[in-house]
Structure formats: C-alpha cells, structure tokens
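Student: Chains Y and A are the protein sequences, given in the same order.
Using my numbering, read the first sequence as starting at 15 and increasing by one per residue.
Using my numbering, read the second sequence as starting at 861 and increasing by one per residue.
Simulated from the structure, these hints should not be mistaken for lab results.
Treat the numbers as computed from the prediction; the structure is a model and nothing was measured.
Be careful, since some hints might not be right.
Result set (DSBU-like, lysine-lysine): computed pairs, CA atoms no more than 30 Å apart in a straight line [claimed, not checked]:
1) Y:Lys807 - Y:Lys741
2) A:Lys935 - Y:Lys418
3) A:Lys909 - Y:Lys202
4) Y:Lys393 - Y:Lys364
5) Y:Lys807 - Y:Lys833
6) Y:Lys500 - A:Lys909
7) Y:Lys202 - Y:Lys41
8) Y:Lys380 - Y:Lys486
9) Y:Lys424 - Y:Lys380
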Amino acid sequence: MSAERLNTGGSAIDRARPLTFSFDGRKVEAFVGDTIAAALLANDVAVVGRSFKYHRPRGVWGSGVEEPNALVDIAGRGPNMRATTELARQGLVALSVNASPDAAHDRSAFLDRFARFIPAAFYYKTFMWPDWHRFEPRIRAMAGLGKVDPAWTAPEAADQINHHCDVLVVGAGPAGLTAARIAAHDGKSVLLVDERMVPGGSLRHRDGGIDGKPSAQWITESLSALTGAGHLFLPATTAFGIYDHNLVALNQRHQDGRPDTLWRVRPRRIILATGALERPLPFADNDLPGIMSADAALVYLRCYAVRVGRRIVIATNNDSAYEVAEALTDAGATVTLIDMRQHDLPSAPKGVTILPGRMIASAQGKSRVESVTLDDGTKLTVDSVLVSGGWTPTLHLFGQARGKLAWSEKRAVFLPGDPVEGIAVAGAANGAVSLSEVFADVARATSSPPPISTGREASGGVVPAWPIAGAKGRIWIDYQSDVTAKDVELAARENFVSVEHLKRYTTLGMATDQGKTSNLLGLALLAGVSGRSIAETGTTTYRPPFTPVPLTSFAGPRSGELMAPVRRLPLENLHRAQGAVFQEYGGWLRPAFYGGADAERAIQDEARRARQSVALFDGSTLGKIEVIGPQAAAFVDFIYYNTMSTLKPGRCRYGFMLSENGVVFDDGILVRLDEHRFIVSCSTSHVAAVHARLEEWRQDRFGRDAVYIHNATSEMATLTVSGPASKQLLATLDLGLSLDDADLPHMAIGEGRFAGDLLRVARVSFTGDRSYELSIRADRAETLWRSLRQAGKAFDAVTLGLEALMILRAEKGYIVIGKDTDGTTMPQDLGVDGPRAKRQTDYVGRRSLFTEVAQAPNRLQLVGLAVREDEPPLAPGAHGILQDGPKLRSQGFVTSSYLSPVLERPIALGLIERGAARQGETIDMQHLGQKRRATITAPCAFDPSGARFNA
Amino acid sequence: MQIFTCPFCGPRDESEFHFGGEAGNTRPDGADVPAERWARYLYMRANPKGATSEVWVHMTCGEFFIMERDSVGHKVAASHPLGGAEKSE
Ligand SMILES: [Zn+2]
Chain Y
15 MSAERLNTGG
25 SAIDRARPLT
35 FSFDGRKVEA
45 FVGDTIAAAL
55 LANDVAVVGR
65 SFKYHRPRGV
75 WGSGVEEPNA
85 LVDIAGRGPN
95 MRATTELARQ
105 GLVALSVNAS
115 PDAAHDRSAF
125 LDRFARFIPA
135 AFYYKTFMWP
145 DWHRFEPRIR
155 AMAGLGKVDP
165 AWTAPEAADQ
175 INHHCDVLVV
185 GAGPAGLTAA
195 RIAAHDGKSV
205 LLVDERMVPG
215 GSLRHRDGGI
225 DGKPSAQWIT
235 ESLSALTGAG
245 HLFLPATTAF
255 GIYDHNLVAL
265 NQRHQDGRPD
275 TLWRVRPRRI
285 ILATGALERP
295 LPFADNDLPG
305 IMSADAALVY
315 LRCYAVRVGR
325 RIVIATNNDS
335 AYEVAEALTD
345 AGATVTLIDM
355 RQHDLPSAPK
365 GVTILPGRMI
375 ASAQGKSRVE
385 SVTLDDGTKL
395 TVDSVLVSGG
405 WTPTLHLFGQ
415 ARGKLAWSEK
425 RAVFLPGDPV
435 EGIAVAGAAN
445 GAVSLSEVFA
455 DVARATSSPP
465 PISTGREASG
475 GVVPAWPIAG
485 AKGRIWIDYQ
495 SDVTAKDVEL
505 AARENFVSVE
515 HLKRYTTLGM
525 ATDQGKTSNL
535 LGLALLAGVS
545 GRSIAETGTT
555 TYRPPFTPVP
565 LTSFAGPRSG
575 ELMAPVRRLP
585 LENLHRAQGA
595 VFQEYGGWLR
605 PAFYGGADAE
615 RAIQDEARRA
625 RQSVALFDGS
635 TLGKIEVIGP
645 QAAAFVDFIY
655 YNTMSTLKPG
665 RCRYGFMLSE
675 NGVVFDDGIL
685 VRLDEHRFIV
695 SCSTSHVAAV
705 HARLEEWRQD
715 RFGRDAVYIH
725 NATSEMATLT
735 VSGPASKQLL
745 ATLDLGLSLD
755 DADLPHMAIG
765 EGRFAGDLLR
775 VARVSFTGDR
785 SYELSIRADR
795 AETLWRSLRQ
805 AGKAFDAVTL
815 GLEALMILRA
825 EKGYIVIGKD
835 TDGTTMPQDL
845 GVDGPRAKRQ
855 TDYVGRRSLF
865 TEVAQAPNRL
875 QLVGLAVRED
885 EPPLAPGAHG
895 ILQDGPKLRS
905 QGFVTSSYLS
915 PVLERPIALG
925 LIERGAARQG
935 ETIDMQHLGQ
945 KRRATITAPC
955 AFDPSGARFN
965 A
Chain A
861 MQIFTCPFCG
871 PRDESEFHFG
881 GEAGNTRPDG
891 ADVPAERWAR
901 YLYMRANPKG
911 ATSEVWVHMT
921 CGEFFIMERD
931 SVGHKVAASH
941 PLGGAEKSE
C-alpha cells in the first residue's frame, strides 16, 4: 500500500456522493468529482496500461490532457480516453489499452525483454522482404492502443454551433480569467473556454491569493462577474484547432451521455492563456509506474485528497517542486527532494530532506518503482517518485496559427516569437511564472489594470535537464510511442537530423498525446547529438487537433440520408403510390422502374409497351435555364457548338455545349420562345454546372445589359407523353392548343393551358417516337399527371422509369454525356462535324477542335456494336481489343449496353478507334478475361429514318 | 475556414465560393489563334506565391468577381466586381 485517499480535503470531490465503476473488471470506489485516474490512484492501482510497442507496465503520469500513459477504453464513449480527464461515473466500464487480459497481467509483456533487438525503425528495416504487407496484420495486432468497438453507434447526432464574439479566451486559469474580465469590462463580448471541468487552472492546487482573497473565492467571483454580465464560459471544452482567418474549433464534452459538441468560433481577437505542462526528467527506467509529474501529485493531493505515496523522492531542476514537497510532507509523507542545482535554491520546506546538486541516475522496480539510484551511487528506497523537469508553455494553438517560436535561455523553453495578427499569448504560455508576472503579462496584452497577487508567489528558477547522449540504461523520452534516448541517438546516427525526420523515423510525438510531454526532450537530445543548439534544431509543425476529437463531432448531423441529400421530384409520392422503385440519378431520386420484384422483367416490359402504345414519363429533372435579352441570340451562338441564332421562334434545336478544350460538356435541346428568349434544356446532372458557365460567360464576356439568365429547373415540372398513341391521348385532354402536326410539328413548341395554368408543349423526343414534353408549374403537376394517367387507360399507357428510357434512347443511338462520352470526346467523334467545318463565328471550345490531337486519325468515335441475337448483351466497359505486334491493346470500349425488347436482340453503344469508318467490321471484345466478337454498326439501331417521330 | 468578401453581399464563409481561375487570363478569339497562345490560355498559370488576383464566384448570389489575396498567409486584401469600379475592402 502506498497511494491512498486521505480522510479530509479534496476540493474537487463530493464525499457525500460515493460511486463505483469498473477498471479491467475490478471494482473501483470513487466519489463524484473524481477523474478515473484520481480514483485509480486512490485505490492504489499502480499499473494502468501497457505501452504501445514493448508492452511495458505504465502508471498515471499527469493530471490532464498531456497524459501519455493512462489511456482507457470506455464502453459507450470511445477508445483511448485519457483517464486523467474523464470523470468517474457510476457503473462506468473502463478497460486498459494494449493489454491482455489486463494491464497488470499482460501476456505480451515478454516483448520488453527483446527491446534491444527492436529499436526505432526495426519493423521498417526487418520486414521489407518479401513484402511488408505480409507481416503488417500481426505486427499491427500486437502494437497499438485502444480498441474501437465496431458495434458502437452514436446515440444521436452531435450538435455543431457557430459562434461569433469579440474575444475568445482559451484557458480559464489566472491569466485567462483576468483577460476575460478585462475584455468584458472593456465592453467586449467574451467567450471563455477551459478544457477542464472547472475553471481556475493552477490556482486550484497551487498556493496564492489575489486582491487579498483566497484563490478559490477569486475564481468564483471572477466567473460570476463574467457570466452575470452575459458572457459565456464553457468548461470541459477544448480549443483544438486554429484554422484560416483565425477560425477556432472547440470540442465540448458533456457529462450526460450526449455526444460532444463542435463549436466553430469566429472571434475578433484570440487570447491564448493555455498555461504550461510539466516535463519528465531523463533517467534510466523513468517510465516505471509510480513515477509521475510532481505537479500532478499536488493536484491529486489538493483536489482529490489522494496522497500518491508515503516514501517519496522528488527530483527537480526548478523551483516549482518545492511547494509539492512541502504539501506532501504536511500530508504525512516522508519526502526527499533531489535538486540538480547546487546553488541559488529556494529555502527548504520544513521536514523535507534536500540533496542539492544531485540527480536520479536510474529507477528500479518490477511493476512499480521501488528504489532510485542517484548519480553519486546513493540508493533510496521509495514507493513514489515525483519529477519536475521544468515547464513547457502550451503553444500548440499559437503554432497552428503559424506563430514562430523563439528559444528562451532564461526559461529553457520556446516562447512565442513574432506576434500573429489577432492573437495574444498570456500567462504561463508566455513564460510567466509567478502570479504577479502572469497578471503583468495579461495587462500588457490587454492594456487595463490587472488584479494584484497578494499570496505566496512562485519563483521560476530553472536549469536545463536534457537527456545526454550515451547515458546508461533506457531513458524514456516518449512514453506513449515507446521512444527512448537511444532511439533518438540512432536516428541522428543514421542522419535523420531534421526534427521532422526524427519524428517520423522514431515516431517521437506521433501518438495520441502528440508528444506534449516528450517533444522538447527529444529535440533537445537531437540538438546535443547533432552538435546544434535547441533553437537551431527547431520544433516540428503544430497541427490540429490539440487533443483527439471524436469523428462524431466533425460529422454532426451529416450522416445517413443527410450525408449527401438527394433532390426529390414534386411527384415522388404519386410515383411511390404507383409502385415506383427509386434510385439516385445525378443527385436526384427518380423512379428506376415501376412495380414488380423482377426488375429486369419490369424494365423490359416498360420499354416494349412504350413502343407499342404510349408511355408517360416524369422528366422534371431536365434542366430549364432561360436566356433572355437583346444579345440572347449571339449569346447562345457563342455557348453552343451549333449555330442557334438561325432557329425560328417557336422551334427547338439539338446541340452540344463544349468546354474550352473542345470536349463535349453537355447536350440538349435549345428552345427559342421568341426573338430574345431561349430555354436551354440540359442534362439533369449538369444543370448547376451549365448554369454556372452561362453566368460566367454572361458576366465576363457579354455584360450585364446583354442577357439575363434564370434557372427555372425546379419551378417547372416536365411530364413526357411518348409513343404512337401520344397524340390521341393528348387530344382527349383540353390543353387549349392545336395538336395538328402542321401547327405543332416535330421540334416545335406550342403554348396551351391546363386547368387554367400555362402549359408549354414541346415536340422533342428522347425515345425516337412521337413525343410531347408538357411543362407546367411544379405545384400543378400532380393534377396533370393524374389526368394523363386517367386518359392513358384507354390507350394501354405505360409509366416509364428511367431504366426503360435508357433502353429506348440507346436503341436510337442517343447518347448520355459522361456515359457514352469521356473526357476526350469532341463533337466530330459523335458524327457532328458540320459546325466545326462550316461555322465562321467564334464559340466556346472552337480553337481546340483544330489542334493536332483533335485531328488525329485514330480518335475514338461513337458506334453501335452488334452481337448475335442469341448472345447476351456486351458488358458495359468491355474493351475492343487489337493485336498490335506482340502486344494486345484496347481500341475502345462499350459505353452502353442493353437487351432491346423491340428488336429482340442486344444493342450497344461504344467509343471505338476510327469507328465511323469501320461499320461492318467485326472486332474482338474482351471483358474480365472473356473474349467475344462484335460488329461495328451505326449508333442508331431502331428506326434510322426517323419515321416514328411523326407516326 | 476563410472569410471572403463578395462585393455584392459582404463577408461570407469560404464554403459559399468557388474558385474561377487567375484574373487577367483573357480569351483569344478566333480559329487561327496560334496553338501556343491557345495552350497558354487553356493551361498555363502563374500560380504566384504571395499577392494574387483571382476570379471567384459567390455561389449564393451567382456573381463572379475579382479577389486580391495572399496565397501564403491567405489574407484577403480586396475584392471588386468584374470590370467594376467600386472596391470593397
Ligand atoms: Zn454575393
């Protein structure tokens, strides 16, 4: 028995509310307010986890986010949670990480005996032959930390909050509270955050008094002054990242089972009062359980009433450990203070034995520290070793904001260098030690009178205590990723002398703690080995997040259906009632086919019946972008590959839009409503992009007075009636326009009315049959659809899903851009060479159609591909292959392939080299190793004369 | 996440904007533009380090505009309409 809970004290715990939880299956008693680590220490659990690589036993090191050792998997909350920041809760189930069956009896502990055979980069060097991937699974299974629970699901979506304020203060210690109070007093709106559950920072466990009051009272008063004035304080909230333009991301933890909340804060000014973290001291086996941060021991004593040992050695290179020695002596421990400094020591606290000018050379013990040997050979029996290797200012956020650090010889740390716009660093993060210094520092950063320190003041005497090359034993630098001083020396010997290389070669600072306690020791050692100063050696790049953030925070509500929301048809409910099976096409949820469990049969049936009688189809997703204005005709001429200005009002023309590199970007029908008004109808999935490029050319080339562009896609629903009986069907409805072919020929539009609403009727066809596209206000489409279906009964009308439509258009050789074309397809490859040859005016992409590549003889061209009637359809993506000398190569591929019910044979479209000139030629096809033959044909397989447009 | 200033709408979140290319990349018209000139228009970009002048589009209002910004520190210096006179700091 060494660590124990004292009968009195503990500012953070509520002794009236005991609780129990389980750790590695063992029942642990605690109080409300305990962290898991505090409760484990109170129950004298020395070994709380196993190390990443060597499975060494490890104990609690710290009392906060810097904790490298005490990681636990918490059921329902997540893996690798820091036991030092997670509160103990009734019934909580925690497991140690990287240990089996548990931390105290880990069966992989033998690995540590082979440690000298597995130095840094051992795995990289050893498992190269024949292939790292053969070894990787077993090595990964043996290394690593916590386990992800694959069955876990988020209880609800995490909240994400956007917040604006004048001043964001990160850290609610003495500096942060003071800065927040001053900012609030100056009339600024303030957001104060602290990663701990309660404010106060070092004031909560360190001696001091402010404005004549005890620290605790000053904390309470400061906070209520802030929140009383309407300012916001968020405890248990970590500012984990600063992004462009000083966006600060916060992760707020809750104690009621809710997922963490992500805050995106836009402050006008950021004050980083993020404090400092205590470093370990380098000596052999300095990672044994029972060796911990001296400051953490003071936290456990004063906040949780846990005395971490009875026979304690404290080793230090600075003044801050003296208060710890005094407090533990007062709490009944026997304390020996080993100060590596010979001179200028603070006065010795009463009852503490001080050994000046001495250092610990090594620690001994099996599963916890039992003794230490000093550099003069003295051996001391202990049950606890507390170390203070100095304080590293927490400058992660400053570094993320691209702040440069400057080395301070006096404090033996990096401090903020040149200022970053909008960001101030204050307090211990800025190198201040005593409360007076802290307050003076804040006052400098904010220009208002600060509080006055009226209690005992800390002093900041320190000498460097860096690891020295060639020292005996295994001196641990990075506890969490198991990096020793020898690993750093090895890396330097192998010329990994840049800190960034050192980090990646040894994994120093790459674990979940991101080297909060270890980085400075590692780079100081590297500096020593490579004969440079620490300032010259520099630090690695700081990147978010400061501490691990659950992915649920980043995801927020964007999961499942909300991950990528689909667009929905106005008539979706009607289609569903009719048995439509929906699929996503180009971002839209559309009927794939109607009814039936046998999809293939339903689709074939729809395509067959559409050719026999009449088909109804919901084409509402088709783009409808209006181009209006005095220059509208010149504008569409420039936008389209085809000349459009010659189109007569009331008529339609099919055309291509190209990109400036000459590649076909979209195709569709252009409608001319009148002299100065066109409707660009474009592919469903290209509407936004077409609209954007029309706007770009309008604004950048034609000017605001020339044309006006309006995307009316979602305003109008378009219902298509197609097939031999389409005219008769429409004739039964009162549409207020003449359907006579003389008045409304193919590729013309007419204007009618349906139930009082304007109805635009366009005779354009994507099926090859006589077709009428009826466009009406989207909110009136339902009545029209019902009427069409009712009227359709007399004609055996069929409702057509998108899959059957794809068959009908492929029978006609009509292409779908992006499916039957690729990123090289130019209009001449699709058999439309007229404008290229004849047009005299400029248009988008024109010059690119005359490059060497565009005129190459071996271009892929659109063709039909026929196979024997009794064969199955070709596989889409199957390649046309060619024996080219000794090599087999592709000469194109199948882009669309279906079974045509009307032709009763497979049909296919493809892009084949010189295909247009090779009709009738039979070529070899290959797909997934299987060879077939296909004959090149014209793309159009059905009704090539187009007689059915008017049938 | 950056804050960009649309000359028409004011400061907005970067996610509302799309990049439209380097400013000043004038299109040479005609079928007989030399291949090198056309290739320069299509593909060649200065990609400057430091001060840049770029075309952006504010997706929510649909307007293209010029934004002057620093490609290293990401500070936005100014934005103004295409060919427009008034500047918005
Ligand atoms: Zn705007």
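Student: Which of the numbered hints are not met once you compare them with the structure shown?
Tutor: Checked against the structure, the hints that fail are numbers 3, 5, 6, 7 and 9, while the rest are satisfied.
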